[in-house]
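With the hints as extra help, turn the sequences into a complete structure.
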Amino acid sequence: MNKSAVGLLAAVMLVAPEEARQIVEEAQRRSRAASERYEGILEVTDARGRVNAKRWVYHRLGSHGDSKAVIRFVAPPEVKGVALLIINHPDRASDQWMWTPATQRERRIALQDRSTRFFGTDFSFEDLEERDVNQYDYRMLGEEAVEGAPCWKIESRPKQTRASQYTRSVLWIRKENYTFARIENYVREELVRRAAYREVHNVQGIWTPRLIEMHDLRRNSRTLLKLEKLQYNLAMKDSDFTLQALRREF
Amino acid sequence: MRAPLALVTVALLARAQDFSQRGFLETRLTVFPQVAPNDRGRALAAALLRYEASYKISGGWRLAGGLDARTDTHHEVERRWALGWQDRERQRPALSLRRASLLYSRAPLTLEIGKQFIRWGKADILNPTDRFAPRDFLAVVDNDFLAVTAARLALGTQSNTLELVFAPRLTPSRIPLLNQRWAPLPQGLEIREAAPRLPGGPQFGARWNRVGAGFEYSLSFYEGHNHLPLFEALQLSLGPPIRVEARRYYPKLRMYGGDAAIPLGWLTLKGEAAWLRSPASEADEYLLYVVQLERQAGEWFLVGGYAGQTVTREHAALGFAPDRGLARAFLGRAGYTIDANRSLALEAAARQDGKGLWLKLEYSEAFGQHWRATAGFTLIRGKSEDFLGQYRRNSHLGLALRYSF
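Protein chains in written order, with this note's numbering: chain Z, 1 to 250; chain E, 1001 to 1405.
I should point out that these hints are in silico values taken from the structure, not numbers from a laboratory.
Beta carbons: idealized from backbone N, C-alpha and C, even for Gly.
Some clues are possibly wrong.
Pairwise CB distance ranges (calculated) [unchecked claim]:
no., chain 1, residue 1, chain 2, residue 2, range
1, E, G1188, Z, R219, 12 to 22 Å
2, E, G1298, Z, A75, 17 to 27 Å
3, Z, N134, E, G1298, 29 to 39 Å
4, Z, D66, E, G1201, 42 to 52 Å
5, E, L1155, Z, A145, 50 to 60 Å
6, E, G1212, Z, D137, 20 to 30 Å
7, E, L1318, Z, L217, 53 to 63 Å
8, Z, R198, E, G1059, 39 to 49 Å
9, Z, A75, E, L1109, 28 to 38 Å
10, E, P1202, Z, D66, 42 to 52 Å
Covered stretches of chain Z, going by a simulated chain E footprint (3 or more residues, C-beta under 8 Å) [what the hints assert, rightly or not]:
no., segment
11, 50 to 64
12, 84 to 95
13, 108 to 122
14, 144 to 154
15, 227 to 240
Within a straight-line C-alpha distance of at most 20 Å, the following computed EDC-like cross-link-like pairs (lysine to aspartate or glutamate) qualify [said to hold, decoys possible]:
no., chain 1, residue 1, chain 2, residue 2
16, Z, K229, Z, D216
17, Z, K159, Z, E184
18, Z, K153, Z, D137
19, Z, K80, E, E1347
20, Z, K237, E, D1018
21, Z, K153, Z, D132
22, E, K1056, Z, E249
23, Z, K229, Z, E190
24, Z, K159, Z, E39
25, Z, K175, Z, E147
26, Z, K175, Z, E190
27, Z, K80, E, E1026
28, E, K1355, E, D1323
29, E, K1360, E, D1142
30, Z, K175, Z, D66
31, Z, K80, E, E1385
32, Z, K226, Z, D216
33, Z, K229, E, D1018
34, E, K1056, Z, D240
35, Z, K153, Z, E18
36, E, K1056, Z, D238
37, Z, K80, Z, E39
38, Z, K153, Z, E190
39, E, K1252, E, E1232
40, Z, K80, Z, E249
Shown next, in the form of structure tokens:
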């Protein structure tokens, strides 16, 4: 390696963290919406190939680290009404409560329990929260195409190590529209979950992947989440994102 | 069955997004390896059809209702088909109004009036502060909550909520039938049950809940009657056999309570305590508390704790008190999710002096979108003088098949 190559590498290492952060910030800025609603169709395929279908309705008010969301199952019938309230914070991990109609009680999901799978899907409770760009440190790993789309490859590490189950994540962000193409989550050096984001559509000016595949590599189980009837910037009330609201909905 | 059909019709007429419904049909078989002195039956079959619906009217108003229709082979369920709505019947009504309430919400206020479920407390298995939650204890260890007729007003934001409850009348817990195995009477004693003395006065409760960053706690107060009865003897005839005419009554009760949930790195610490006082001279006064640790990891859900009791005023009145019956015991619950369709659950209570044990193991599997089968075994052991131990002949196998819709 000659001197100029060493100099270039040093320069890349100096500017890369800032550039990586700017890319994620831009991705966050472009996906910002006052609110979001969609109907999620989930297909969970376990290691033995058995398929389990679920449906939920997702409502979110606010955006990125300053948002509140409610996920409520509508099918299958035996989980109908089970709901998750997520209050995202800009400076720390979210608060989460799960409501179970059968017991008529909500249960707070403690931070240490967020690695658990959410109601039989391959999403963990942590995967469902929405974190602000400022909660992570970033490092540019280079460029790589995902399913033919040129992407930036960026590593993110949570600033507060105890706030996440993942030691680090590797993000692929499409250059064309700043949407996520893939996220790989690691616990120490082990790749534990891989999310693939496909079928990117422009919905009300926001490029949005309409199909998310979450692969739990430890269980070799996959969940396909299809976003239907997706709408942004609907009128929503703050009071519909509280524990009281969680209880009163059916 | 006219009422459920009417609700289904309403469902079809209502706009889909404003109307929501769910329900299930469950058949259950319970097999007891041992007979009991007052109950020679070894097998019990039961069926329950539950239908619940909710309709969002407009402007923050919502109507919610639910109906239960049941039958069984063991006469725990009434044989007449009149609609029961009070939950004061001795047996389970064949057709009953499970809930019926009108809810109004406009931030920061939520008001619900009617027959509804009100749950207080944060602990599992035993909740000393859960005073508006009477239960159907016909089969003591397999119980179900009963709704209360009340007005509930919740005021506040996410971080601070004040809940005020006014129930114009008491909904008592349903206790075991005297001629059945869950009422283990001493041999040589015959009890005739007289009409109960049900209180007419209102119940009032208040609970303030505080949600902080990563923790939450609440303080609660209840003034009313205990939904669990004491017994008074009206007539005594020395036998043999000894014959007693007894009557249930529900003493006044005042509760000062609190509960908290605090995450501690690896585990969540939950605590709940209630000091229960009574102006009735024959009722005990006591502190009931639960301390438990909880952890959810991978496919496991684990809860372990201790329920304690400190009696501050003791009387010899005979009563039925499953909440106190679980005190001075180690409590545990474990759940394991095998895969998306299958799960295992274990619940246990072991008396600290070793005189009573209750252990329930359940395996459950879903088939497709609608069907679920559950098989379980409940083991009960102990001494006859112990609350759990007195049911030692009631260990049982259970099989349930549920169709959800």
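Structure-based check of all given hints:
no.: 1; hint: G1188/E / R219/Z: 12 to 22 Å; in the structure: violated (59 Å)
no.: 2; hint: G1298/E / A75/Z: 17 to 27 Å; in the structure: holds (26 Å)
no.: 3; hint: N134/Z / G1298/E: 29 to 39 Å; in the structure: holds (30 Å)
no.: 4; hint: D66/Z / G1201/E: 42 to 52 Å; in the structure: holds (48 Å)
no.: 5; hint: L1155/E / A145/Z: 50 to 60 Å; in the structure: holds (56 Å)
no.: 6; hint: G1212/E / D137/Z: 20 to 30 Å; in the structure: holds (28 Å)
no.: 7; hint: L1318/E / L217/Z: 53 to 63 Å; in the structure: holds (60 Å)
no.: 8; hint: R198/Z / G1059/E: 39 to 49 Å; in the structure: holds (41 Å)
no.: 9; hint: A75/Z / L1109/E: 28 to 38 Å; in the structure: holds (32 Å)
no.: 10; hint: P1202/E / D66/Z: 42 to 52 Å; in the structure: holds (44 Å)
no.: 11; hint: 50 to 64; in the structure: holds (count 3)
no.: 12; hint: 84 to 95; in the structure: holds (count 3)
no.: 13; hint: 108 to 122; in the structure: holds (count 10)
no.: 14; hint: 144 to 154; in the structure: violated (count 0)
no.: 15; hint: 227 to 240; in the structure: holds (count 3)
no.: 16; hint: K229/Z / D216/Z; in the structure: violated (27 Å)
no.: 17; hint: K159/Z / E184/Z; in the structure: holds (18 Å)
no.: 18; hint: K153/Z / D137/Z; in the structure: holds (14 Å)
no.: 19; hint: K80/Z / E1347/E; in the structure: violated (25 Å)
no.: 20; hint: K237/Z / D1018/E; in the structure: holds (17 Å)
no.: 21; hint: K153/Z / D132/Z; in the structure: holds (19 Å)
no.: 22; hint: K1056/E / E249/Z; in the structure: holds (9 Å)
no.: 23; hint: K229/Z / E190/Z; in the structure: violated (36 Å)
no.: 24; hint: K159/Z / E39/Z; in the structure: violated (33 Å)
no.: 25; hint: K175/Z / E147/Z; in the structure: holds (13 Å)
no.: 26; hint: K175/Z / E190/Z; in the structure: violated (27 Å)
no.: 27; hint: K80/Z / E1026/E; in the structure: holds (17 Å)
no.: 28; hint: K1355/E / D1323/E; in the structure: holds (17 Å)
no.: 29; hint: K1360/E / D1142/E; in the structure: holds (10 Å)
no.: 30; hint: K175/Z / D66/Z; in the structure: violated (26 Å)
no.: 31; hint: K80/Z / E1385/E; in the structure: violated (43 Å)
no.: 32; hint: K226/Z / D216/Z; in the structure: holds (17 Å)
no.: 33; hint: K229/Z / D1018/E; in the structure: holds (17 Å)
no.: 34; hint: K1056/E / D240/Z; in the structure: holds (14 Å)
no.: 35; hint: K153/Z / E18/Z; in the structure: holds (14 Å)
no.: 36; hint: K1056/E / D238/Z; in the structure: holds (18 Å)
no.: 37; hint: K80/Z / E39/Z; in the structure: holds (14 Å)
no.: 38; hint: K153/Z / E190/Z; in the structure: holds (18 Å)
no.: 39; hint: K1252/E / E1232/E; in the structure: holds (15 Å)
no.: 40; hint: K80/Z / E249/Z; in the structure: holds (11 Å)
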